[in-house]
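Trainee: Got chain A sorted already, so can you dock chains B and C onto it with the hints?
Sequences listed follow chains A, B and C, in order. With my numbering, letter number 313 in the first sequence gets 313, and the count goes up by one each step, no holes. Residues are numbered in my numbering as their position in the second sequence, beginning at 1, plus a constant of 316. Residues are numbered in my numbering as their position in the third sequence, beginning at 1, plus a constant of 770.
Because the hints were derived from the structure by calculation, they are not lab data. Don't take every hint at face value.
Pairs of lysine to aspartate or glutamate residues, derived as EDC-like cross-links and limited to a Cα-Cα distance of at most 20 Å, are as follows [unchecked claim]:
(1) B/K762 - A/D62
(2) B/K427 - A/D62
(3) B/K615 - B/D481
Not the full set, but computed from the structure, chain C residues with beta-carbon under 7 Å of chain B [stated by the list, open to error]:
(4) T831
(5) S834
(6) L904
(7) D905
(8) V988
(9) S999
(10) T1002
Note that the structure is predicted; figures quoted are calculated from it, not measured. Glycine included, each C-beta is placed from N, C-alpha and C at the ideal position.
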Amino acid sequence: MTVHSPTAQHRSVPLRANAPRLAGQWARRAPLLPALVFLIAVTQLPFVATLVISVLRWNALDPTNTGFAGLRNYLAVVTDANLRSSMLNTAVLTVAVVLASLVLGLLLALLLDRRFLGRGVVRTMLIAPFLVVPVAAALLWKHVLYNPEYGLLNGVLTEVWRWFGSDHPPQPDWISGMPKLAVEAALVWQWTPFMMLILLAGLQSRPIEAVEAARIDGANAWQVFRYLTLPHLRRYLELGGLLGSIYIVQNFDAVFTITSGGLGTANLPYTIYQTFYQAHDYGQASAAGVVVVVVSIVIATFALRLVSSLLRNEAS
Amino acid sequence: MVITVELRRAAPVLAAVVLAAATSAACSGAGGGGGAADGNAINVLMVNNPQMLDIQKLTEENFTKQTGIKVNYTVLPENDVRDKISQEFSSQAGQYDIASISNYEVPFYAKNGWLAPLDDFVAKDTAFDQNDVLPSMRQSLTAEDGKLYAEPFYGESSFLMYRKDVLDAKSLTVPDNPTWDQVADLAAKADGAQPGMKGICLRGQPGWGQVFAPLTTVVNTFGGTWFGKDWTPQVNAPEFKQATKFYVDLVRAHGEAGAPQAGFAECLNNMEQGKVAMWYDATSAAGLLNAADSPVAGKLGFAQAPVSKTKSAGWLYTWAWGVQQASKKHDAAWKFISWASGRDYEKLVGGKLGWSKVPDGKRASTYENQDYLKATPSARQTQQAITAADPRNPGTQPRPTIGIQFVDIPEFTDLGTQVSQQVSSAIAGSTTVDAALDGGQQLAEKVAAKYRAK
Amino acid sequence: MKRTWQPWGALAWLAGILFALPIGWMVLTSLHSEPDAATNPPSLTAPLTLQGYREFFGASTGQSSWPPLVNSASASIGSTVLVLLLAVPAAYALSIRPVRKWTDVMFFFLSTKMMPVVAGLLPVYLFAQKVGLLDNISYLVVLYTSMNLPIAVWLMRSFLAEVPTEILEAAALDGAGLITTLRRVVAPVAAPGIAATALICFIFSWNELLFARVLTGVVAGTAPVYLTSFVTSQGLFLAKVCAAAVVVSLPVLAAGFAAQDKLVQGLSLGAVK
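Extracted from the complex, chain A is given alone in its bound form:
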């Protein structure tokens, strides 16, 4: 941590310019410390414990056979095909859901940015999915919408086919037929409203004069969108993408509920959970956790570059 290097401040004018510098630095840090200490204690210490457990031979179901395992757990992890495929699944799931909900959210935000009758009601309806408890949403999609026997989707198909006098409507088995898409659709439904909210906020903070000026200069709607709106929205898109990724990478509820990790949908949180709580192989699960953290840090470094572009203007 670089917080401790004692040097001058750089933003606002020091309130007491003649105060001793060191004390001034600590005064600045004081409000930060409770949060920092709290977070280190609650998130970093467990990770140290995970690191220790990862080199132990420790399966809770076999308590007499424990000891030092060296790097054997790591060997098992890197050769585990399940873990590799769940890494890939996590990446695909995150990218697909974040992109789809960003695009959908953008379209909806553009619609909502126009004035029309009942805009408030429509906005409320669009926000609602984000406000449903995720596990409730997952249960809703699995049992009430996707179920091939009595789910709403197939029910609607039956009804529609009946209007045309057919007794043999297609009754696809949504979850088995397209398991990844099924999980993704449920998540996109939940996260689109969140993206829409952020982008709507962005649209509403758009300087209206520039748009007017462009219009007067003869720019068409597409040009206004492409050259004015989109650049203005970049930060909002980045923020939405970042927050969305953080939460969807960690998604557990939807995968656990909708497919129980079956049909090739297991993502990292689910796979590690399974090693912990079904296999009870604490050593190997911890090793997997460490590997995932290392990979996350690598990816996060790229993500943080994005973040730093969010912060750059201010820090300079």
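Mentor: Chains B and C alone, transformed into the frame defined by chain A:
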């Protein structure tokens, strides 16, 4: 400096105040957080099957009032409850005094010292009448050390249930001891007997206790096994493959819609709603299908589990009460078990909720009770199936450990679940049985290596 | 815009209805009897009943469903308060009077969110077991706080950064103390942002399932955990589960709808800087 001093002092104080406030708010919200410390209360963790919900309903009036022991239940769906129970018992957290465990967990839980032996309680409690408990149940809840570690709440085997009315209408008859070839043939003929009706319901949902419960019994009777006597894995051996192909082909051709996601609940629903003509599953399903509010009550026939190379093929399973070793209330826990697994509890349920809801399949006396027999058309077949089940020798070859529809080692939950996900994908058509089982063989090899080294 | 046929408006309405449809269907299903809830094609006009809600509130098991709801409320409100009390000063030290290299600190905060929660679950469980914090809401409060703190600091910093430096300097020159500055100058600008942050923290805490599943039991079980217990492996449960889902989601829905303006306003501040 005024400001800075102010802030420096304020921060920790503020943090302390908040923590205290949050903690006290939380505790008062939770009702003092003292459930576990309450002297006259026991905590029970159990699966949310209907029999368990019934006992929840009856406890206050018929147990707590008599004994003064309050019972706090935590009920969870099967998959969740297994995770939670294994976590609770392996760490001996002592939060729960009793949990609903099965004959799968008992042997290795006992070996690890996680369960309290019940022999002394049983010996003193003559009214409980341990000898009335069916022998195969007693055997499967006794560990290698010869001690008894759990008492059955209800027991089950597996058998074939079918819509007698539907098959009669098509002039089809199911033999009392059918073979799988006969069943496949019947399923093909019954397919479409009514609009939207499929031939047979077989579980396809991932999970060692879901698709692999019925599937492993098929593997057994086709001559296959997970492991040979010396722990050689045989998951991609010809018999295992043949059995799995047979199962997957049957369910794909004449099985229920949504088969890769169908477990016990989905099949039960399919059967009740007339979406399938036959169903191979737990004998305990018969009670639910025959319940007063079931649309198919009285229309059903029952036959023994279909076989191929063995004489019988039904599984053996029981949800039983086990007492956690770390619990400090073994006496109160036994009182609860003595009540819940006792003969009088069955009569209580029969009288209050109806005889079809009795937690059966565990006591010989149940099958002599005329009220029960009258209300339960499947009683004879159930008793026969449970008696015929031989957990030590369920297949055509000697096994390294006990278990019919499972291999009784702790690693099997993980192994079975992982392979089941592949099999489920094969039922969905997104992979082949060969690929699924070749992958399974590798996983099984890892497990086997551990045991061969011992 | 004139009051004429509004194609965009119609499209927006269509989208709104599509997105809200599953929720509407959930509410309708919760008001049906179990057999009516599981028909194909769906029975729109089936008689309405409150049986699902009665079941949720313990009609057949005698178990009260209030404790899990109260537990969830305690955990969410407790952790939200704690988050705000920790995050506001931290955000202050990262924006108004920033420490040196405050961007590094921000990165650290955010990076804790990128580590998979599940990797730390085992030590968290073992620690709780050793010190007797299993099945205790205070422990959930602490964990939820750590879960939400990084995002809260992140958002809050942007809100505080909105406060114009000139005003702060002017206030300092006028001799205003910290408390006065915070109340008079900072609060009015940052209030919507703080409200939005609080709401988001509340929602994420209320929704949390993984920690609650693993760490609670008889006493401290939260509403989402309780909700999952209605999925039985034997028998029909759609109406019951929908009723439970409606009740459990209601506090979040209500809070979210009431504060949606704040949410938009707050997030817009959060993104700009």
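Trainee: Output the numbers, in ascending order, of every earlier hint that fails for this structure.
Mentor: Hint 5 contradicted; others consistent.
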